[in-house]
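Quick note, the sequences are listed as chains A and B, same order.
Our numbering puts the first residue of the first sequence at 1, with every later residue one more than the last.
Our numbering puts the first residue of the second sequence at 1, with every later residue one more than the last.
Quick caveat, the hints were computed from the structure, so don't treat them as lab data.
Ideal Cβ positions, reconstructed from N, Cα and C, are used throughout, including at glycine.
A couple of the hints might just be wrong.
[To be verified] FRET-style restraints, in silico, Cβ to Cβ:
#: 1; chain 1: B; residue 1: A87; chain 2: A; residue 2: T42; range: 22 to 32 Å
#: 2; chain 1: B; residue 1: S66; chain 2: A; residue 2: R28; range: 47 to 57 Å
#: 3; chain 1: B; residue 1: E139; chain 2: A; residue 2: K2; range: 28 to 38 Å
#: 4; chain 1: B; residue 1: S66; chain 2: A; residue 2: T42; range: 35 to 45 Å
#: 5; chain 1: B; residue 1: R57; chain 2: A; residue 2: R28; range: 57 to 67 Å
#: 6; chain 1: B; residue 1: L95; chain 2: A; residue 2: L49; range: 31 to 41 Å
#: 7; chain 1: A; residue 1: E47; chain 2: B; residue 2: G412; range: 51 to 61 Å
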Amino acid sequence: MKFVVLLHQDEQIWRDASPTEREEYYRRHDAFAQVATRTGSTILAGEALAEVETATTVRRRGEQVSVTEGPFAETAEQLGGFYLVEAPHLDAVIEAVRELPEYTVEIRPAIDVA
Amino acid sequence: MTTPPPGPHEPSFQDDPLARAWREHWGRTVALLLGQFARPDLVEDAVAEAFASAAQRWPQDGVPDSPGAWLLTAARRRVVDRLRAEAVHRRKEPLMVVDARTRAAASATDPSAAAQDEHLPDERLRLIFTCCHPALAAEARVALTLRFVIGLDVPEIARLMLVRPTTMAARITRAKKRLTASGIPFAVPPAGRLDERLDVVATVLYLVFTAGYHPQPGAEPLRVDLGDEAIRLTRVLDSLLPGRGVVRALLALMLLQHSRRDARLGPDGRLVLLPDQDRSRWQRTEIDEALRLLRALPRTTGQGEEYRLQALVAAEHATAPSAASTRWDVIVDHYADLEELTDSPVVRLARAVAAAEVDGPDAGLALLDGLEARLPDHHRLEAVRAELAWQAGRPQAAEAGFLRALDLVPGGPEHEHLTERLAALRTEDLASDASPG
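Here chain A stands alone, though its shape is the one from the complex:
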């Protein structure tokens, strides 16, 4: 089963993080990868995203296309990164996600549209 793991956090926390704190973040992402592998999952993809102020929102309504600066929704916590994981089940994903830094993590199964 494929799961998308969406990582949310207030961007200010990362901006304010000291080099030592950032080291701890990287260490936790490594631990995520290790636990995922150990519990039978495969990380298919994962990226950290540039800050939300770099976002561009495109909406098509009929033939009308609007391109605007900024994110689709303003929220206290922003989407800051994601993983795409092939995992045996939800519990395996949760087990690996426990290792990550203090994010709010949304786990969503991907559906097979083929």
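Following the hints, put chain B in place on chain A, whose structure we already have.
Below, chain B alone, put in the same frame as chain A:
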């Protein structure tokens, strides 16, 4: 649409082979078929239909030698039929996540009772952990447990949970969909995660237990069978995962509360409160078992400690020779510990009642100060205030309190009880007004 056969809740069927089969085989059959087919939607219907068929066939053909195997075969055939029909329509439903070993074990089941018993307890344990998965909403966990593990039908579950049957049907459908769609496994969690998951399971089992004891308007005031079922499942949990504090404490608590079942209702069907109950009708063997469990339980933390302290309170009541000789000072201490642990306003309310027994009504009332902000529109808070005001010799305040409580109480035995108390207060008040001085 088939009418489900009577479940174990029908007292007249208590010793009926079908009712016994329901108790013993519903959860097992659901669990085995989930292990094999991973389709909660089909499995639930198939098992219900197998029991409906048993309700028709067994009275005519006689009860089969191995009712469990009969039911499993009948239900499995129905699942297979439905899967074939679906294949024809090329409809594809999402499968639940079931590990290969579980599936192999489930499909390899020898339909002889002996072979089943060897791995069946595990299957049922998986089912309980799946229904109580933390990724399900709390009310969905209870509903799924009542449906899948215990086998109550949807209207009954709706009545116990105080929602409309259509709402409950939608909730269960959504929960079943979520089981498959969100990737919740049909599995017992790994050892390292067992304890935090056990807390959730214990909470659900206790809710199942208390659902049978909440007097609902229009419903039978007591569902003793649900208490039996919850205790039985807790025993299964205890035998499969022995030595877990939270399970033992919960078992002790349930046994103590359940031991009073025969004394809780008067001959007229009205609720009899603890001090007025006939203590000779309490089940001594259950009380003794609970006391043995409690003596062996060390102080712990979290959910387990909550149940342990509640059980200790229940044990004080259970061992008091009479209401008047209850050791309320010990109970006050347990409630104080419990309040520190949980910060629960309901515990504060219970502590106030106990404190009033030790130090008088004003001590109790002092503990209730400001509690309405944390328990808004709570009829029991108003009722306790009224009783304490009455004891303190303030009948007007007591009357106002009873009236507020009656406004808030939903009906049923508690409503009747409050009406009686108010009438008694007014009678006493009149009598004292009439007397000179």
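Taking the hints in turn, this is what the structure says about them:
Roughly 31 Å separates the CB atoms of A87/B and T42/A, a value that falls within the hinted 22 to 32 Å. For the hinted restraint 47 to 57 Å between S66/B and R28/A, the CB-CB distance of approximately 53 Å keeps it satisfied. E139/B and K2/A have their C-beta atoms about 29 Å apart, which keeps the hinted 28 to 38 Å range intact. Restraint check, S66/B to T42/A: a C-beta distance of roughly 44 Å satisfies the suggested window 35 to 45 Å.
Checking the proposed 57 to 67 Å range against R57/B and R28/A shows it holds: the Cβ atoms sit about 60 Å from each other. Under the hint 31 to 41 Å, the C-beta atoms of L95/B and L49/A, about 33 Å apart, fit the expected range. Against the hinted window of 51 to 61 Å, the Cβ-Cβ separation of E47/A and G412/B comes to about 58 Å, which satisfies the hint.
Comparing the model with each numbered hint stated earlier shows that all of them hold.
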